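Order-wise, the sequence lines are chains R and E.
Just so you know, we're using this note's numbering here: the first sequence kicks off at 14 and counts up by one.
Just so you know, we're using this note's numbering here: the second sequence kicks off at -12 and counts up by one.
Since the hints were made in silico from the structure, they are not lab data.
Keep in mind the model is a prediction, meaning the values are calculated, not measured.
Built from N, CA and C at the ideal position, the CB exists for glycine as well.
Any given hint could be a false lead.
What the hints assert, rightly or not - Part of the chain R face toward chain E, derived, beta carbon under 8 Å: (1) 76; (2) 77; (3) 246; (4) 249; (5) 257; (6) 303; (7) 345.
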Amino acid sequence: MTAPAREPLVAIDAVPGAASIAAVVDTLLAEVLLAGGLAAAGGTRTSGLPAQTYRRRRHRITHLLTMVCEQDLGLRFAAGVPFLACIPAVREGVPMAGYAMSGAHYPPSQWVGDLFVRWIGAEESPGDQDATAANADRLLQGALWYVVHERPDDAVPAAVRYLVDLAATGQVPDIEAAAIAIAYLIRAAARADTPDGLAALIAGGRIPTTVADWTRPWMTWTGLVPAASPAGRRGVAALIDRAQAAATRTRTAGDADAWLAALAGATCAHRCLWQGAPLTVEKMPLGLQALHSQVEEMVADHNAIMFAFALAGMPQVVAYSRSVARELAANGDRDGRRFATERALIPPHLLTGTALPRHWQQPTWRTVTAALGHGRPGTRRPRDGAPVEVGPRELTDAATSALTRIRGAAAAEQRRISAELIDDYPWFDLAHRIDGEVRALSGDLPGAIDAVVAALVLTPEAADFWQLLAELLNLAGHPRAAGTAMRMAQIVHQAGEQLTAG
Amino acid sequence: MHVLSFALVLEEVGAVGKGSGGNIRDLDSLFDDERLERLREHARAFCFLAFHGTADTAIADYVRGGTLGDDTPADLMVLFVLDQPAPVATPVGDDSLREWVTIDRGGHPAYRMVRELFDDPPALPGLVVFEELTLGSEVAYLPLGHLRTRQDALQELRDLFALIGEVSAAAKPGKFLDDLGVALHQRGSDYTRTGRRPLREWLRRGFTLARENSGEIVTMVNFFS
Chain R
14 MTAPAREPLV AIDAVPGAAS IAAVVDTLLA EVLLAGGLAA AGGTRTSGLP AQTYRRRRHR
74 ITHLLTMVCE QDLGLRFAAG VPFLACIPAV REGVPMAGYA MSGAHYPPSQ WVGDLFVRWI
134 GAEESPGDQD ATAANADRLL QGALWYVVHE RPDDAVPAAV RYLVDLAATG QVPDIEAAAI
194 AIAYLIRAAA RADTPDGLAA LIAGGRIPTT VADWTRPWMT WTGLVPAASP AGRRGVAALI
254 DRAQAAATRT RTAGDADAWL AALAGATCAH RCLWQGAPLT VEKMPLGLQA LHSQVEEMVA
314 DHNAIMFAFA LAGMPQVVAY SRSVARELAA NGDRDGRRFA TERALIPPHL LTGTALPRHW
374 QQPTWRTVTA ALGHGRPGTR RPRDGAPVEV GPRELTDAAT SALTRIRGAA AAEQRRISAE
434 LIDDYPWFDL AHRIDGEVRA LSGDLPGAID AVVAALVLTP EAADFWQLLA ELLNLAGHPR
494 AAGTAMRMAQ IVHQAGEQLT AG
Chain E
-12 MHVLSFALVL EEVGAVGKGS GGNIRDLDSL FDDERLERLR EHARAFCFLA FHGTADTAIA
48 DYVRGGTLGD DTPADLMVLF VLDQPAPVAT PVGDDSLREW VTIDRGGHPA YRMVRELFDD
108 PPALPGLVVF EELTLGSEVA YLPLGHLRTR QDALQELRDL FALIGEVSAA AKPGKFLDDL
168 GVALHQRGSD YTRTGRRPLR EWLRRGFTLA RENSGEIVTM VNFFS
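Chain E extracted, bound-state conformation:
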């Protein structure tokens, strides 16, 4: 599996004609409304998988296993924090996500990002789900700490991604998280939901947090539509 900085994906979304400077843009200019709106043409919903690369072994081993791209429906964009820069397509495999072994859970950028979203921080690791980045959006959160093995994580996340993909494809505008709540309730999944959050600023701060630790918020380079 290859991943790429989410910043590069945003650059590509906003590419208008190319010169010798390419699409390269300052991080601050990447989070404009027009660009984030265009991103919606490629993704109906977003997930942020929050985990510690060496402490949350079930989730981390699942990501290292390389099937995340295969498990994700085409119109669902999954983001996570990688512990290295990914300015070009970067392979994720057995040796990946082991750099931040000295960073405890409290200081891990992904954990800090999730805590920012909640007044009462939930148990981690977990999956943040949201519909869009431009307007303030509500967020659903599914704790994943109960997953003990890579196989558990593979089964659960494969099912969850498929469910989120189905719900987002069928949901009317603005109703995605409501519909997802119903589906998760029927499934018996534990989840919480926040009020509206300024997700654009949240993600922008997440970039800074990750980069302060020489990491990156990344998404998969899917090879097939």
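This is chain R alone, in the form it adopts within the complex:
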């Protein structure tokens, strides 16, 4: 199993063997963020949240898994994941917003709970302009709570960065609300640029102090008019820098999984800029207009690229990008440099090769559940890069046939058969489980554990996968980690179908 190229989101105590369990948690949390980001990037205020089927499959199991790992393994955030607590969860003395690493204790299980509850709230929202204003109000509360309590050097750009980061990590289904919150922060900067001054101004007159102050509707900021200020200028600069850094990540991604996450993040950041910049001024100056037009093209490209991806996978994404590059070339971009620096949303080197490198052909088990959007990737398989639906019969037949051929075969032949099964059905949880068992039989315990991690990321509600992981960890001499895996097996078994019910 190749380690993901990103920084891990979570860390655990030094428990031998437990890295495998942490890998399941880490991959699932990244996948949840990806699901949020992809939905928000292409969505409107009513449709910017992950599909209900996805949320049902991941909500309870992810929450449960993070809680168990917090208790058993000291699970905590490792990277500075931005967060915003949902209102019912806000209590005195507990951080309400910020970056999970930067302040007081904010455990991953609470983050999971807050995020999914916010998604449920978004689904129940009327989805009109008033709802977007209320969403912007809540986002402003988060941004100001963060700057008032964390005291960053320069409050306005820090608050803008926090909001872009929250949106770009897939945690704001209504991106227009984030754009409005950013624009009004920049408007407010003409009258106040300290954390307390901003909070007092935007909250309606005095600095919020109690939980009630921080969570009641504010809405008085809607009267702020566009005005120029040095702090506002630094805020717009922060917005532009975040959006451009996000675009760069799509061009430097190392594989399809990293690219999908970068694309979702970039589009959410671009939409913050695209929808927010016009609200910061009465009329955009020419330079800002030029920049705005560039971003507009990229937001449009995102929608076309995601449609191409859903329809026919990565090869179609490359084909679409080639068509954009050709059109630019016809307009004067003879060496392709402008496409590469202004418009590309994939690494430009993919456009020159004849066949896609293997790790670019399709998303792997790490991201596919979010990437395909409907929460059941195992019922699909890639064909020429495009996801095609397969019936349960085909899956059962493929697994049965592989198991029959594996039985009695030599170790090398067993490995070949299980590898072939994964090649054909890379998103099929049972294929990874079979691979794990085959590897265990040949004495490759680390490889077996990695394979079961893949199966668990695809289907974390499968008690038998957790049980197999526990057995493998025991065999590897890691009884404490095995105990956690076995505990998960028991909890998941007892919860049964409730885990994924609506």
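Take the given structure of chain R and dock chain E to it, following the hints.
Coordinates of chain E only, in the frame set by chain R:
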């Protein structure tokens, strides 16, 4: 401070409907009359700040200081040569304008551009001021070599930009450089003035010169009107 290629600004000025190709245009097609005329709706006057990024430290440090956008009135467009491409908003800060350390003053694109405008090349660094790009236009030139520190440059250029902005706002069509001459004379500023010059072609050649050195003629991305 963020800057952007002046070519992109010209593309935006001429944008008519957008397709998947965006506004992107061949450089040659950017300098048409209609586009340059529309640019006048956004800028009453233009300045070209000519300096060497590592040799003319007072001016370069002032630009690196990032207040150029704040110091420029909304209807004055300031251009300068950046030593890197700027196809997207590009931040200018302490580390900027240090790439062309090996290019001497004689070979620097900005210096070469100024020399093209004069039969008798003036002392550099300096500020080229003109009213428009379509017709052949006269040019005023203010040498800035006497500025010794970043603070000197900040004070002088802030005052000059404000003055140029005021004069251009009040001037009758075609009278801008005359009025500016009077104002500069009253201020006691040293300046020279050329006859008519084909500025469109001059700027077009400037683009090529800058790009031959992997640079760009840029202008500030002002965030507020």
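Quick rundown of the hints versus the structure:
no.	hint	result
1	76	violated, 40 Å
2	77	violated, 44 Å
3	246	holds, 5 Å
4	249	holds, 4 Å
5	257	holds, 6 Å
6	303	holds, 4 Å
7	345	holds, 3 Å
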